[in-house]
Structure formats: structure tokens, C-alpha cells
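2 protein chains.
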Amino acid sequence: MSTTARQIHLASRPHGWPTLDTFRMVDVALPELTEGQVLVRNTVMSVDPYMRGRMNDVKSYTPPFQLDQPLEGGAVGEVIASRSAERAVGDMVLHGSGWRSHAVLDAAATRVVDTTLAPADAYLGALGMTGLTAYAGLTAVAGFAPGDTVFVSGAAGAVGSLVGQIARLLGAARVIGSAGSAAKVAHLLELGFDAAFDYHDGSVAEQLAAAAPDGIDVYFDNVGGEHLEAAIAVMNRGGRVAMCGAISMYNSTEPPAAPRNLAQAIGKELTLRGFIIGSYQHLAGEYAQRMGAWLAADEIHVDQTTVEGLDNAPEAFLALMRGENTGKMLVSLS
Amino acid sequence: MSTTARQIHLASRPHGWPTLDTFRMVDVALPELTEGQVLVRNTVMSVDPYMRGRMNDVKSYTPPFQLDQPLEGGAVGEVIASRSAERAVGDMVLHGSGWRSHAVLDAAATRVVDTTLAPADAYLGALGMTGLTAYAGLTAVAGFAPGDTVFVSGAAGAVGSLVGQIARLLGAARVIGSAGSAAKVAHLLELGFDAAFDYHDGSVAEQLAAAAPDGIDVYFDNVGGEHLEAAIAVMNRGGRVAMCGAISMYNSTEPPAAPRNLAQAIGKELTLRGFIIGSYQHLAGEYAQRMGAWLAADEIHVDQTTVEGLDNAPEAFLALMRGENTGKMLVSLS
Chain Z
24 MSTTARQIHL
34 ASRPHGWPTL
44 DTFRMVDVAL
54 PELTEGQVLV
64 RNTVMSVDPY
74 MRGRMNDVKS
84 YTPPFQLDQP
94 LEGGAVGEVI
104 ASRSAERAVG
114 DMVLHGSGWR
124 SHAVLDAAAT
134 RVVDTTLAPA
144 DAYLGALGMT
154 GLTAYAGLTA
164 VAGFAPGDTV
174 FVSGAAGAVG
184 SLVGQIARLL
194 GAARVIGSAG
204 SAAKVAHLLE
214 LGFDAAFDYH
224 DGSVAEQLAA
234 AAPDGIDVYF
244 DNVGGEHLEA
254 AIAVMNRGGR
264 VAMCGAISMY
274 NSTEPPAAPR
284 NLAQAIGKEL
294 TLRGFIIGSY
304 QHLAGEYAQR
314 MGAWLAADEI
324 HVDQTTVEGL
334 DNAPEAFLAL
344 MRGENTGKML
354 VSLS
Chain U
24 MSTTARQIHL
34 ASRPHGWPTL
44 DTFRMVDVAL
54 PELTEGQVLV
64 RNTVMSVDPY
74 MRGRMNDVKS
84 YTPPFQLDQP
94 LEGGAVGEVI
104 ASRSAERAVG
114 DMVLHGSGWR
124 SHAVLDAAAT
134 RVVDTTLAPA
144 DAYLGALGMT
154 GLTAYAGLTA
164 VAGFAPGDTV
174 FVSGAAGAVG
184 SLVGQIARLL
194 GAARVIGSAG
204 SAAKVAHLLE
214 LGFDAAFDYH
224 DGSVAEQLAA
234 AAPDGIDVYF
244 DNVGGEHLEA
254 AIAVMNRGGR
264 VAMCGAISMY
274 NSTEPPAAPR
284 NLAQAIGKEL
294 TLRGFIIGSY
304 QHLAGEYAQR
314 MGAWLAADEI
324 HVDQTTVEGL
334 DNAPEAFLAL
344 MRGENTGKML
354 VSLS
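Here the protein sequences come in this chain order: Z and U. First residue of the first sequence? That's 24 in our numbering, and the numbers climb one at a time after it. First residue of the second sequence? That's 24 in our numbering, and the numbers climb one at a time after it.
Misleading hints may appear alongside valid ones.
What the hints assert, rightly or not - Cross-link-like lysine to aspartate or glutamate pairs, in silico, DMTMM-like; alpha carbons within 20 Å at most:
1) U/K82 x Z/E55
2) Z/K82 x U/D221
3) U/K82 x Z/D217
4) Z/K82 x U/D237
5) Z/K82 x U/E338
6) U/K82 x Z/D334
7) Z/K82 x U/E229
The hints are simulated quantities; they were obtained by calculation from the structure and are not laboratory data.
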């Protein structure tokens, strides 16, 4: 019994902005299962900003995507055949082989998720890597303490909207967000942010300074460039930056912007710390408990934007790059 | 009994490089001592790069020098009159009122130093703030661990030459320094640096990459600009930068250079942390013990450049800015 899978391959490495030509849909015959493997039919997959980096042929913390090979990313699917005693047909599993309709996986490369507790897509968002990124970045990387004023860029994105809400729940004095449209700014205020601004509306530095009259203590950086420079300028002594992403640079072919005021970090005793979530898996249990409680008490609002159909996954990724999503961007495959 | 003091005042705020016109020698009559005060005749004073920052009218961790007021800085002198039970005539004391022949000080603003253990100038250098800056920056700020490869810029300077030697004594795998002349590079190799280069000899990035084939784990930054960018480029995962100074920018009237590769800090999980030594005084006791032992065992070589006479202090400062010193730059007033 051979299964055909539809897969999205990397057709070419983008120089600057990716386009639909970056992707190619391919039908492949999957191999037979060997002992210990499962066949998974994916039902939902994640598209994330970090995937842009993997499209470049650059050595990084994750290897680059390979040309003419399927893209990868978080997905949840149903086990439809199993040669593993650990996984039964019907199990819903989280794994890293998104961008395809079906996948043959070692059982050990999958994690069973309980879809009676939360819908499958939650395990890609608030209860998954996205949420842990927000939580670990804020607490372990930036050393958040109650009473801190927190600024987060890309605040209407999947990670950013959780950062702001978690900061508020943990006792931030003030939470400020930046986003890319008036509608997103309005939404951030509904989520409980104390102040928010549209970075298209003028200088980030001026808007941030106006929103943070007493300065900021923590900056959660999803954007880089002008945002980082503006944050350094208003940081209080001992301030901390969690460097999570730099989406403003991902598709740029210009030399990247750099914070020309970085030397202020000396006198202000600032700490800038980059992180990748793979190094913070030890916080996953603690996080799942806290987020589970917040969700159960309806204290966190989870935003997501869902696109239907694997065929539309490339366009979903391009829309994410353009900032058209609010919250987590998902592709439903069922 | 009134004492006349010769003082060096800030005559004008430099725009770009300071000149002799930045300074003015002034004779002033000192006030009579009040209860609890001492009169100190200075014998040696320190000139340091950080003083350049205080010549600007910019709020920072220390207030700016005031126009037509005496400059300040570390000095050691002899108590020649005392109205304090805590200080006797003949005591040698460390204090912050350099740039002048005599000072009237509250006894509490002075610290008695034992010149039978070490010469007076050691308390401004290896046994003083300079040494503590090297030690605290390397250990507490950069989190140095044995086996790390360490790069220090301005390595022939007062702080830099101690950073490299302390790193070696604490078990660095490899110590690399940059400096501004062939003679300094040769001197660094004599001090036990494993590699050193002259930043005038070509691209800092290329020279550093050649000197650090296995990358670096710690960068002690005295220079900023191109050096910081080069260090980020070769840093290993989890690398740490102690941001101590940015002398390449102090006299620049151009917009400062910034590390255009700063976003590499994300994937490499780098930490950049600025510091000022005032926040690490709790390490002074531990440091004095270790450095005392190293000096007693002749395991550390202390470089200094001494200029004679208060009249020559402005020129000593300008020479420091031009990098003409090796090790600590001092002015002898005796």
C-alpha cells in the first residue's frame, strides 16, 4: 500500500522578498512504513517568520531548507497507519513535517496531543512553540520582573500578542506595543495593552518616547532595525532586550539597519540577549501549567488567522511576511 | 592658613577631538578646613578614556564635567592637614579629586592606601578601578569560564592588558588582542597573548577571523564600531560581549558605526551587556585578594605610562585619546 503525498518544495532561494515562484507543489509516493514508523495525515500546519531565514543558504541554528526538497515546520495530524507500539491509529500528533499532506515519521519524532483539552491548532500556537517563545523570552531571557514597563514590537503577531498579555498578567507596570495598522493598534488596546502605535504613523523613536514617558525596562524585539534603536534610546538603566526576531530585515537586500546608539548600552548597563526557543524547552512544563490556567480562566485572548488548503500555504506565508495576519498564522489541511 | 591649589578646569566642551584649548590651568585659594575635612597634596593622578564622555553635556551614569570647574578623576595624595579623627597627617589616600595639586575633602571621600604593600600608583591601576573593571567585566559581566576563547580590543591599554592576562590566568583556551601599533602587538605577545594584531593592518574582521580559527566565546569591548561587528561575526553560539568602552567613537563627529550583523545575536544566542564599574564594587574584596596574589607571584605584568607634572596632564589625556600609552596612563605630581 503506497500513499501519495502532496508536498511543497523550495523551488528557488529568494533574493529579497519570496514570491509564489519560491514554492513548488509536488506529488510524491511515500515509502512503506518500517518498524517504529507512523503515517500521519496532516490537518493543520504553521507558517512562521523564522522560515524565511531557512530559505537562505546560510548556516544557522537550524540547517537551511534544501532546494527541491519539502519545506518543514510545525504541524498536527492524525495517525492513519502505525508500525509503532507507541502510537495508535487515530492518535493526533504534533511534529515538524508540515508543508505536506501526509508524512512518514518515526514515532519518536511525534508527540501525542490531547484534542479534548484544546483544539489541535492550539498546540501550534498558545500551547506550543509560539507561546513558549513569548513566555521564555519575557521571563528567562529578558528577566521580566513585576513593575517593569514592557515594549513589544510586532505586537499583533502570534508571539507579540502573547508577550503583551503575559506581561500584563505577570504584573507589568505598563505594556506598550507597536504594529502595522490602525486596526491592529485598536485590537492591541482591546487586548489590554496600555498603549500602542502604528509604526507607519511616523518615527518609531518619537512614538515610543510618547508612549513611554517613564522609559521602558524590557523590550521584546521581533522586528530589529529602527525599532531596536528606538527602544535603546528610551531604555531605563539596567534594561533588557530579548532579541527574538528581526522581521524588518528578513526580506531586505539593503545592508541591514543597526542601532547607532548601541554604545548607550554601556552607561545604561543594558543587556541585549538573542535566543532561540530550542534552548528553553526546560520551561515547557511550567509554561503549559500557567498558560493552561490562563486559558481556562479566559484571561488570555488567542488570535489566529487560518487559511484553508495546502495549495494556499505559500500565499499564507507571503501574507505573513507582509504582516497581513493577526496573531498566529495557520493553514488548515482538513 | 590658606592654601593655593593649581587646578585644571574645563575651558570649553570639545566637539570631536579635544585640544589643549579644552583645558585651562587656574590657581585658586582653597577654603579653610571644616570639621571632618582633610587637605590632600596629590602625588599621582589618573587620566582615563571615560573622562572624554564627561566632557560632553550629556546626562549619563556620571554627571558631565562643568564648564570653568575643575575636572575630576582618580588620584592618590598625602594628607597634609587634618580636622578628622579618621585621617592623620602623612596618610596616603585614594580619592576622586584629581586634576589639581591640592584638594580639600571630607575624610569619608578618601580611602587610606598602604604604600608599603604596593606603590601609590598601583591603587589607580592594577589594584584600583582599572583592574576591577578588567576582572568584573570578564567574570561577572561576560561570564567567563575556563576553556573560553577571549578577544579583547584596546588590549595594550590599562584595562585591556589586564583582561588578557587575567583570562590566561583563569584558564582561557586562547587569548587574542588587538592594538594600534606593531610595537604594542609585539608587547601583547610578550605578555602571553596567544595572538594579536594591529587594527591598522587591514580589516579587523579578517584579522580576527584568522586569529580565531575556532571562533571566540567572550569579547571584552573597549572600542566599539568595527571591532564589535567583527567580534559578532566570529562569535560562537552562546558568546558574550562585555561592553566596557567605545573609544573609537568618543571623538567622532560622524554618526557612530553600528554592528550591521547584530541580528546574528538571535541565532547564535549571544548576550551583549554594558557595564559601569560602580555596579561591581561588591567584587572589590575578592579581586584585591586574587590580584594581590598574582602580583606577589609575579604572574601579572603591569604596564604604565607616566607623564611628569600637572602642567602636562592635558597633553597626557590627549596622548591617551590618540592611543600613545601602553597600559595605565598616569600623571605624577610630586
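Taking the hints in turn, this is what the structure says about them:
1. With a C-alpha separation of about 69 Å, the suggested pairing of U/K82 with Z/E55 is violated against the 20 Å cut-off.
2. At most 20 Å may separate the alpha-carbon atoms for a hinted pair to count; Z/K82 and U/D221 exceed this at roughly 30 Å.
3. Taken as a hint, the U/K82 and Z/D217 pair is broken in the structure, with Cα atoms around 28 Å apart against an allowance of 20 Å.
4. Restraint check: the Cα-Cα separation between Z/K82 and U/D237 comes to about 15 Å, which is no more than 20 Å; the hinted pair holds.
5. For the hint pairing Z/K82 with U/E338, the CA-to-CA distance comes to about 49 Å; that exceeds 20 Å, so the pair is violated.
6. Distance restraint check for U/K82 and Z/D334: the Cα-Cα separation of roughly 57 Å exceeds the 20 Å cut-off, and the hinted pair is therefore not satisfied.
7. Between Z/K82 and U/E229 the CA atoms are separated by roughly 19 Å; this keeps the pair inside 20 Å, and the hint holds.
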